[in-house]
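Generate the whole structure from the sequences, applying the supplied hints.
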Amino acid sequence: MSDIFPKWTNKLPVRLLTGAFVVGTALTAGVWYYFTPKYTRVGYQPIQPVSFSHAVHVGQVGLDCRYCHSAVEKSWYSNIPTAGTCMNCHNQLLPTDTRLALVRESAQTGKTIPWVQIHKTPDYVYFNHSVHVNRGVSCVECHGQINQMDEVYHAKSFSMSFCLECHRNPAERLRPADKITDLNWKWDDDPKVAAQMQKVNGEKFMHDWKVESLQTCSACHR
Amino acid sequence: MKTIPPACPEPDTGHKYWRSLDQLSDTPEFRQWAEREFPSGASELNDPVTRRDFVKIMSASFLLAGVGLTACRKPEEHIYPFSKMPEGYVHGVPQYYATSMPTRGTAIPLLAKSNDGRPTKVEGNTNHPDSNGGTDRFAQASVLNLYDPDRASRFTRAGSPAKQEDALEFLAQLSKKFQGNSGDGLCFLLERSSSVSRARLQKLISEKYSKAKWFIYEPVDLEIQRQAASRTFGKSVSPYYRLDEAEVVVALDCDFIGSEQDSYINIRRFAKARKLTNPSDTPNRLYAVEGLMTLTGVNADHRLRVPTSALAAVAARLGSKILEPSGSNDLVAALQPLAEPAKAHEKWIAECAKDLLAHKGKSLVLAGHRQPLAVHAIVNALNNALGNVGKTVVYREVPASSEGSISELAQLLNGNQVDTLVIFGGNPAYDAPADLDWGKAQKKAKTTVRLGYYEDETAALSDWHLPLAHYLESWGDARTGDGTLVSVQPLIEPLFGGVTEIEILARIGGLEKTSPYEIVRESFRGIAGESDEPWKKFLHDGFLANSAAQTVAVEFNSAAALVEIASLKPTAVATKESLEVVFHRDYSMDDGRFNNNGWLQELPDPVTKMVWENAMLMSIQTVKDLGLNVVDHEDGKLLVPWVKLQLGGRELEGPVWIQPGQADNTVGLALGYGRKQTGRIGRGSGYDAYRLRTAANPYFAVGAKLIPSGNTYEIACTQNHWSMEGRPIIREANLEQYRKKPDFVKGMDAPPSPSEEPMYPNPFDKVKGSALHQWGMAIDLNACVGCSACMVACQSENNIPIVGKNQVAKGRELHWIRIDRYYSGKPNDPQVVNQPMLCQHCEAAPCESVCPVNATVHDNEGLNVMVYNRCVGTRYCSNNCPYKVRRFNYFDYNKRPLDKLYYGPFAKRPDDELDIIKLVKNPDVTVRMRGVMEKCTFCVQRIEQAKISQKVKAGASGDVQVPTDSFTTACAQACPAGAIIFGNIADPKSAVSEWKKRDRNYTVLDFLATKPRLTYLARVRNPNPAMPDEYTNMPGSFSEYAEKSGNPLEGHGSAHGAGEGHPHGEAEKGAH
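Chains as they are written, first to last, in the working numbering: chain A, 14 to 235; chain B, 1187 to 2258.
Source of the hints: derived by calculation from the structure; they are not laboratory data. None of these values were measured; they are calculated from a predicted model.
Among the chain B residues that face chain A by a calculated CB cut under 10 Å, a handful are:
(1) Ile1265
(2) Arg2056
(3) Thr2112
Built from N, CA and C at the ideal position, the CB exists for glycine as well.
Now the structure itself:
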């Protein structure tokens, strides 16, 4: 028999099984992670060229989101502030701090700062910031608690099911128009009361503002 | 459950109708072609690269992709903010600037859209006093010229690149040199322009260089109406036609809808007088006399076919008939001998004259630019005698022009009297009259400086070539047709350092101010004063209010008219041995200036529906007489004879195309093709008709001889099937029929069974009643003239790529809106109807049910939407679409090299092309890739934008309904006729709701119960019952229908039983 099957074939079934197990596990794990909507850069936290801390500026100083992201109410795009915006304060405050060297250089020379993009929707998604923030959807719904982040990271999955979760039931997320940029705001400290108030008021907003539950393709894709 | 479509068998008796060139032979190939889902070749891969090669290469690339293991993680992308924000700029929000596009002698007022600094779309400026927001094909396509990778992008000296500074230094030296000798030997060759600044600089330079000479050349000169008016009325005036005031219009070889000056204004005014709200309104009546089949002829109620050279006789005959009663005896005496050859058309002309005389002061006679001054003098006499002057045609004073002609310049050149020739724009080396031998003449100037948009034929002969800036990159000014001053302002810095005409003029003239902005500002100061406020308003509005030229009273000088009439040279009669040749402005290429514009190359000619080239147009009779084999189908290809045409010792070769309705023994040659030196798009398209054109006979000549070569040539044409087969796709009636039965359109198709649900019910039917917005469209076929501006507007708005001639020949064109053109009646004298056809947005959409992947679905506002990411390209939807409006991306046309759009599946667009062409794309519309279906979306991006801005405005309130008629689709916005209305049908106040309530409103193929959101308003013709032609009883297409399915006007109407497929021809024949 040894003529037909060389010696190494003895170990073949074990090897095959091990191999199949390893590959199978990798595949399952891969599919588990990559093929689900959860995997959409959640946790992505690149190093930014300037160590800007939202936690300090928003959480401690109390700047409004719109001071820097001034286009968010007008455009589909929420802009990154110009160096000039930073210098409004920083020509007085920490004017020589080394962490701000790049900003000062940009303001003086016009050289742009290469911020790393974190939040991104695919090209075929025509997401519009202005219509969300003007109609009761807070920044926090998609971006998480940016006001507590030292270095911004991708807090939520930007998968289609994430968008649809809210689009199917906007009442659960709508909040008063003046609380959009208050990322810590809650209806009540007691979660049960808050949930109850969200339900009542959310439905009221839906009705009063004629908020539609947009689930057809043309809402986001063109 | 389902309704069987009405069969349309050929009636045994009565008229035989003709469908296309093939009808003449009715070949089995044609039968097969007509029955196919896609035209032959469209759905097969039979390119040089075979399927086998494809798979081989693809497997290799898959392997490489696997080995590389690239794209495990999304790449790191950066955001680069401004360091200092430009004032008033919000990233992502488009900005609009009022500007205008200068055309020859006038301008089109525009509102240009800029997306983050790049102009992407132009619309008409609705605030301008003489605009309704409509534009023309050329304005819509002009954006693409801005991003043409083949445009002149460098300064050259003797063909090799030079520095801009050197070129400007050279101009400064020129200026010094001519200041010394007061411009001796300096010649300028210009194009026609209405720029106030140019005229001012011209004057300044003439004062400085008194010996400098000025010449103007336009290969297609639309100034003859002005010249004729100035001569016959004794002062320098320009006519302005108030077509909307005219109840009867007679166009004598005048294609005022398609190729005359400011045709977009003419269309608007004509359509205004053509529209009907209810049966008591009377639309205008259009008589056309012409040799070629033009857009004006297409829209005429009565059309007389005469060779272009014989038109003077018709004009004279019409003239003597009208002038006789008014007693202008010497004019009548002069006209009568001229009128003799038109005796054959006596009845037609007499009735037409009667109609004109019955509409004194409410009629208009027009002559076209191809006709000599004498015909224009007759026309002016007629309008004067009919009391139309001051009513339907007004005259405005314009500065007289004193420039010489190109023939005079050629003489100077040949006499070696030119030291420096400066050519602004134009392209004389290509389009100057052939007998001038311009190539040699230009070389005789010591130095030639050329400012041009392309490095073309003329550039090759010039010593210096300077790149011209696009109008969206330039400062300038112009006057529109009514004389209103409009601004030309830049939206972008010149992409390739281009310079403007006024800057170069100022530099050569050695003037103090050379910046174009300063020059224009200075000119404006001269008109509106020193203050800055009017200037700011001028730039903001795009025009200076109340600056239109005043109309002046004019007095007809019959002695001057007599002189012109006496100067008319008799022309020989065209026969098949001695053919008449007519040179005409092309509907897409103009005179050749748009030759390298892909959108226009691929725009089907509004009449022939041919793309990417020109052919020698002839009538069916002429083709038969000359013994040419009409057309041949081979392997799905459309093959036509290739011939040689000789005229006056010159010759050219080209394909022959049959044009129904063209005069016999006439050959129509479109200008603008066959360029020797052009970009990647224009290369190799068509033949060059200028080679037969002489200075003496620029527009028509008799005496050509045609020699068949026996070869054939493949033509790409988007509509070779000409008949509606008696089906009520376009519904039309004569005015009397319409008055008798205003809802004649109802029940022309087999009625859908009322008890049954539609075959494809709409999932959103339930929300329809309560929804805020339900989008719908209506198209008034009475207003649509078929000009095709909508097609280019759609292409520009929706990022529709061009596919190339080869692909169009296979039926793979991608236009989301097309204009279907049908003929009816006699092949030699057909009636024509046009119908814009686009996605009908059926509520019960057949395409949706058959998609296996849900890639085409409905939305809650009634749109039939395409989800490109889901589409896997089965094309079932297109198969099931009864309107054939779905388009499939057979290849990645956006990634193909411009000159190899069909070079097999792996051709890749070079970076230099891609980088600049992608700038023209609309960022709000997905650029589709290979393998997906696409179609009209009702401009969903505009709908969403309108809703979003209303919601943003509403904020925390319920005011979210988009204001009535506050936006529209690209096609509707571009339409100069106002034939397309789009809006919210859930809003009873909207214009579209109002249109849909009209009695002429109908649905195409309504027996299918697809419930389209797009409906049409039937066409109503207004023929003169006294005329001796066929169409006074009923329109051709209508009698074709009536013969097959019964006449709905005569009681059999609604239940005529088209569904039974039973021809009623026998029964109704007696009625008509």
